[in-house]
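Trainee: Here is what each chain is made of, one letter per residue.
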Amino acid sequence: MQADPIGVLTGAHFLDGDHACCEGAIAAGARFAAGYPITPSTEVVERFAMRAPTVGGTFIQMEDELAASIAIQGAVWGGAKAFTVTSGPGFSLMMEHIGYAAMTETPCVFVDVQRGGPSTGLPTLPAQGDMMQVRWGSHGDYDTIALCPNSPQECFDLTVTAFNLSERYRVPVFVMLDEVVGHMTEKVVIPQPDKIEVEPRRFTRKDPKSFRLFEPLEDQVPEMAKAGDGYNVHVTGLTHDERGYPNMTPPVQDKLVKRLRSKIRDNAGKIWMYESRDIDEAEVVVVSYGITSRVAQRAIDLAKAEGIKVGKFRLITAWPFPDKPLREIAAKVKAFVVPELNLGQMVREVERVAGGQARTIHVPHAGGSVHRPEDILAAIREAAR
Amino acid sequence: MSTTTLNTLPANPVEQFLRSERMPHIWCPGCGIGTTVNCFTRALIETGVELSNLAVVSGIGCTGRVAGYVNLDSFHTTHGRAIPFATGLKLANPKLNVVVYSGDGDLFAIGGNHLIHAARRNVDLKVICVNNLIYAMTGGQTAPTTPGDVITSTSPYGTYDPAFNLPYLVEAAGAVYVARWTVFHVRQLAKSMGEMFKKKGFGFIEVLSPCPTLYQRRNKMGDGLDALKYYKQASKIKHGAPTSEVGLTKSGEIIVGKFVDRERPEFMDMMNAHLSQRLGDEYIQPTLDGGCGSECGNCEEVL
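Protein sequences appear in the order of chains A and B.
Each residue of the first sequence is one higher than the one before, starting from 1 at the first, in our numbering.
Each residue of the second sequence is one higher than the one before, starting from 1 at the first, in our numbering.
A few of these clues could be false.
[Unchecked claim] Chain A regions said to be covered by chain B (calculated; three or more residues, Cβ under 8 Å):
1. 22-34
2. 58-65
3. 144-151
It is worth saying that the hints were derived from the structure and are not from the lab.
Using N, Cα and C, we set each Cβ at its ideal position, and we do this for glycine too.
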């Protein structure tokens, strides 16, 4: 289905990444947001607070991030598309409700504008330090989807995609900005509403007597019903059977938790998005994401000028990690160079996928600024040697 | 919904509200939570609340399991977060009547911040707090409601820190309806619940309920029946009593009754009035079904 025109600001705009995220959410149909102020993410909900009353939406500023991250899930079960926005310390507080969303298969979107950590760290300065937390932060086994925009335009586009994926797979989906992408201002083109594809919620048409809220369809994803529609739904964070009733036995746990993972893993090929360039001739491939990919581009250009055969692989989907395409590249190249604004997170995935077929050279950075292109260039030179 | 005809045995009037297939429940003999659920269902019958528009939201703990047993739209959320979940549910779908049904530890310790803010906003939520004075599900630890010198599993030499006076706290935070009963007062409790359901805004009922297994046994206070005898003997009905004077003690007087019944603007009413005034025709009020208010036709396509 197409976007509701009432929420779509079609045209060319000069927007920062945070504001573009908000517009993406509205275009995707989000009509509820709950938030708690935290730098450098607050601009997303500040804009939503301004825009929501003119598009039939509701914004509420909650008392903390725990409240914000569960209020959106209440709103989803009430029928709305909903999201929340945060950064480092707030993201840490939201972990429990990421688990709740995963367990209850509640489609919702979290925007995380990453800043330096640990703890209060660098409130106004960039990092990419939440990339493993977004994957593993809540307890237990579950799979998530995380997308990494590297421009305000992608903040718009990928926030729409995030909502669509959340509805498609009934999972929480994460839009992982960093402070620089969140605050950089660039041209953002918002298409006509009929050019924006929006995934509707998978509301069941079954009779309430025969409908089972957690009975998967062929694609392993169950249909939904919302409160007030006569389905008498029961939703619990406890291990539950297909009716949604608590059943804390090993077989039920095994079946449920394996499905929570496999509904993502078995569909990973449809979820992966990446940008790859000059891979076929490359001896070295730079793997990067978010703001770091833009610095890496400069290093790649410099390396090419020196005659080094270097390719680019930019993660747009960070999770599920695009292991198959990277494994194929690993078989053909000498080395991967992985710059990121942390001391080693996604590089572990690259190493895992390379599996000894290609060297992996990490270019760490503790955050607070972006890399110097020369540092990435030095790693490319070493990799090509 | 089960219906009764002259040719069948009359069904238990409560049964239609329960997920009978989930019985037996997990509550101990002598526990009062089931009694409160009975009162709840009787209040639903008496008030004629539209059941398809009624949702129950619970947190974690013994009372948190209520959501799993009522045959309604029901949500068993995370520990302490029933109220913010319910807030999102209500705001996104205002036609719903949302009842938060949870315990004292869930609502006043881990969830205390959410409770006072929901009361401050005066969100249209009905909170039923079953107070058994202890963390029961986890084995009988001290709660912020444990009154006086009481032995618990985490206070083996007795508690010494003061307990919250729940009605006082909730009134101060802004609730428009505040009452307390015990599970001995089944008729008053059912009536009070019905009264609260009819009142717009943040309502709160504290129900004292025994935990024979973990509270009374450790403190040599007998069983569930002894608790009911205590409730009967020690309770005094004082409607309108100043909430500052209704704090509980280990074995003293229990003041019960309706303490607060007042008018304050409800959150969504304030929001709609304020935004209409500020934005005029530009304001699009959220619709009653979680939709966006637009007439683009997409919603029909979805449904």
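Trainee: Does each hint fit the structure? Answer for all of them.
Mentor: Status of each hint after checking the structure:
1. Figure legend: the region 22-34 of chain A, annotated as covered by chain B; annotation consistent (4 residues with Cβ-Cβ distances under 8 Å, at least 3 required).
2. Check result for the region 58-65 of chain A against chain B: holds, 5 residues qualifying (beta carbon to beta carbon below 8 Å, three or more required).
3. Coverage of the region 144-151 of chain A by chain B is violated. Counting CB-CB distances below 8 Å, 0 residues qualify, and the rule asks for three or more.
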